[in-house]
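**Q** As you go down the protein sequences, you meet chains A and B in turn. When we follow numbering that gives the first Met the number 0, the leftmost residue of the first sequence carries the number 0, and every step to the right adds one. When we follow numbering that gives the first Met the number 0, the leftmost residue of the second sequence carries the number 0, and every step to the right adds one.
Keep in mind the hints are simulated off the structure, nothing from the lab. One or more of the hints may lead you astray.
[Claimed, not checked] With a straight-line Cα cutoff of 30 Å, these simulated DSS-like cross-link-like pairs (lysine-lysine) come out:
1. K401(B) - K477(A)
2. K490(A) - K401(B)
3. K461(B) - K477(A)
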Amino acid sequence: MVYARVFPVLSAEEAASHIPDGAMVALSGFSNAGTAKLVPRAIAKRARELHGAGKPYKIRLITGSSSGNDIDEELAQAEALSWRAPFQSAPTLRSQINRQLVQYVDMHLAHAPQTLQAGFFGKLDYAIIEATDVTVDGRVYLTTSIGASPTYLKNADRVFIEINDYHSKRLPEMADVLLLRKPPREDPIPIHDPLTKIGYPYAVVDPKKIVGVITTNEPDQIKPFTPMDWRAQNIADNVVRFLFGEMISGRIPTEFLPLQAGVGNLANSVMAALGSNPYIPPFKMYSVTFQDSLVDLMEKGKLVGASASGLTLTVEMLRHVRSNMDFFAPRIVLRPQEISDDAGVVRRLGVIAINPAIEADIYGNVNSSHLFGTDIVNGIGGSGEFTRNSYLSILMFPSTAMEGRISAIVPMCPHIDSNEHSVQVLVTENGYADVRGMGPMQRARKIIDNCAHPAYRDYLNAYISSSGPGHIRHDLRKAFELHRNFLEYGKMLPDLDLTEVKERI
Amino acid sequence: MPAIESFPHLSPEEAVSQIPNGATVAFSGFTNAGAAKLVPRALAQRAEELHAKQKPFRIRVLSGASSESSIDEPLAKAHAMSFRAPYQSGRTLRAEINDQEVEYVDMHLSTLPQTVLEGFQGKIDFAVVEATELTKDGRVYLTTSIGATPTYLKCADRVIIELNRYHSPRLREMSDIFIMPPPPHRFPVPFHDALTKLGYPYAVVDPRKVIAVMENDEPDTVLPFSPPDQRSEKIAENVVRFLLDEMLAGRIPDDFLPLQAGVGNVANAVMGALEKNPYIPPFTMFTEVFQDSLVQLMEDGRLTAASTTSLTLTPEKLRHIYDNMDFFTPRIVLRPQEFSNHPGVIRRLGVISMNTALEVDIYGNVNASHIYGTQIMHGIGGSGEFTRNAYISIYMCPSIGKGGRLSSIVPMCPHIDNNEHSVQIIVTDQGLADLRGLGPMQRAEKIINNCAHPAYRDYLWKYVENSRVGHIRHNLEKAFELHLNLMETGCMLPDLDLSRIQ
């Protein structure tokens, strides 16, 4: 390859040896898609060696979103992280964050690149970016995600490129890279449709900043989804029923509106259910990740176009896409997260946002990130920007967890990621609550009756009747009684007969 | 008023006799600016008469934002409202909302017109709109606010127009009116700066829908602000120092960024401090309300341009503008609230937002609307859309209230309008906490040390220390102890020596 004549080809260990303790490091990657692999692993190894020798070694790490098990997990296990932004989803890292060993800044994803570029995070020392190719004049062809890599390439002092030969050289046909200037930006982002392209197939870096190139041949590690259980099926059916009703009543045009779906099993199930419903017309997506279930929908002609920031596909699915690039390349656009999640574009296109949540309170506030208000699960990710700016915002989750020990409908959420002012529709396996145009007490009625598990409805109704009057009724003494019960007794309602609940789970 | 002959000329009483119990009525007005005046008053009177005869009469009310003395208070006093959106103010209405007599939907202001257009709010039976002129073919020249009026004129079944001769007919030179088509066929909002215009100087109505026109000659009721107190001035000083530091550090460009300022005394104090500071360059505003303090700033050349949805000015200041329209019209654009508060435009222009909070928790979540999480004050208004999309989002509040009986920095907010993911800077009279790039515990340290009143710092530290360890430390048993103390004893810390605070 031509790059080898210009840029030093390094081993991952050589590259990692450049990176000192305390450095601020950015990795490519949006979820595990397109994440740098070799150098982060070598950084973890280096951390272990240095710690073994009694020396300190921790870096500050920023990526597109999470970098799942292989990267975040490995760096966390090596205790190599002191600070992390803007999202994460690895078990060891999560536990370190919850023990205050790692400082974690849980951010709106579209905001992360602008925040870095503005200098709000301080100086970016290194960027490690996975690519299919880099040219001598500094064009960097990214792989399965764009994420925040273009911003990191521009702002980092020094850059390592990991050339991954596993990925299709045709991925740049999907890429649409444009770096937004610093505000005030005079021109709107001219996206008229999920498939509009406005930029370049490559990101750009000053070639003088490239310290070295590392080569590899390794797929992204994406876990397959678990099969849908009946609750996911019910939730999916309720979402479809609601959307169909909106279309029939003319509040969604018959050509439909672009959809966004969050990450995970539930979102995957909803997309599959939408795809198999004959009355939902073919649609487009303006979303953040492109997941397994969408490949099938696209081939069936149900999903006609998709905008995303990452192809979060399992190895087989990615292989399938790779071998059918003539079909997929014109139907998928991969964008920087600053644009895939942009407030203005989401608002303009009238995106229908469908996101999972941990719990919701009876007034429609949603907790997507912190158990008991204290323990981080993953983070807010893109759910806030889509929920806040969408045409229709839907939040969904099973009504109970841990075999009925936890109710996902509670009097008050101890952490609020999307609030009552932005949340419009809540869906559980029991039904949906459309709370548009309703005051708080009317919302509470709908949410308890339609979404809460029947075993918890009496408690929730009693909470309201024993609360003082107000625009929103709350009893600040008992607002977190359910959460406290769970922490103390392992059950939100200690006297609840779980066998009764289980029958319905 | 050449066109008035083409439309039924009715008295307010005649017009409201056509509005039945249970109707949904949308009024013009964003604050008291440009609010309908005659019809709400007549409706209140009609409600009182009907109630005296034991007949029910309540309507569902929409407007741009709140309109305290023109709409909210008269109708609330007559118990004439069953539903109110998207914002409100006024003591009587607030009490009725908190007693659950009136259903209130507290909404982001820029999304309101879209939800009306798409039928999410149900059918709009009547629109009542203040205008300077109505033409035969249905052009409606609005007065001191645009708000959601163009959408109401489009969607309402029937329309009543109040022609107000008090206002300058030249207001149309400031107006820039456009209704976005429904998604997904919208184009990008082509604003390049605060002054870009994309639309028309008038709103449009199907003239067949106009059932009544009436005339009026009454100014908007806008009260002057009280002079800033010591705490507000301290807050303003802290804000200005921060903005200067950001500029020196290169994080705000030398030509500055557009500012948004919320409504009220603290915001007013900040504008005053900006005016006095010689190092702040001339700037523009992209905001929702144009208030008294901006008039002088504009005449001094400090404020070069402003985009807003309302001219919320006291009668003298408004008169001053009307007497100097050659100067002001090229410098002010009045837009529908869908555009004045548009998330995409706010993000792109890099607006610096400055809003006022009721209270802030130690992790940076903000309560801007509900005392104790239950009692509504006003609502979220535009603060959410500006804070969420700003380049730099600033929240301001005095560190204590009620002579120290209340701390504005609390362990947990019982209602959250803007959360830790969107709030970047907290300012009180004590100092400023810059939360950008910090994890929750680092944020807590900054907020307690820099922003909380010294008398409350020990308590807040102890709360953190006695809390469950996690990414965010909380003790769900004590999270609202301060609020409960205040409710029960009238003081958040019953043992606090208040004399030391004064």
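**Q** Determine for every hint whether it applies to the structure shown.
**A** Hint check results:
Restraint check: the Cα-Cα separation between K401(B) and K477(A) comes to about 26 Å, which is no more than 30 Å; the hinted pair holds. For a cut-off of 30 Å, the pair hint linking K490(A) to K401(B) is broken: about 41 Å separates their Cα positions. For the hint pairing K461(B) with K477(A), the CA-to-CA distance comes to about 22 Å; that is within 30 Å, so the pair holds.
Violated hint for the displayed structure: number 2, the only one.
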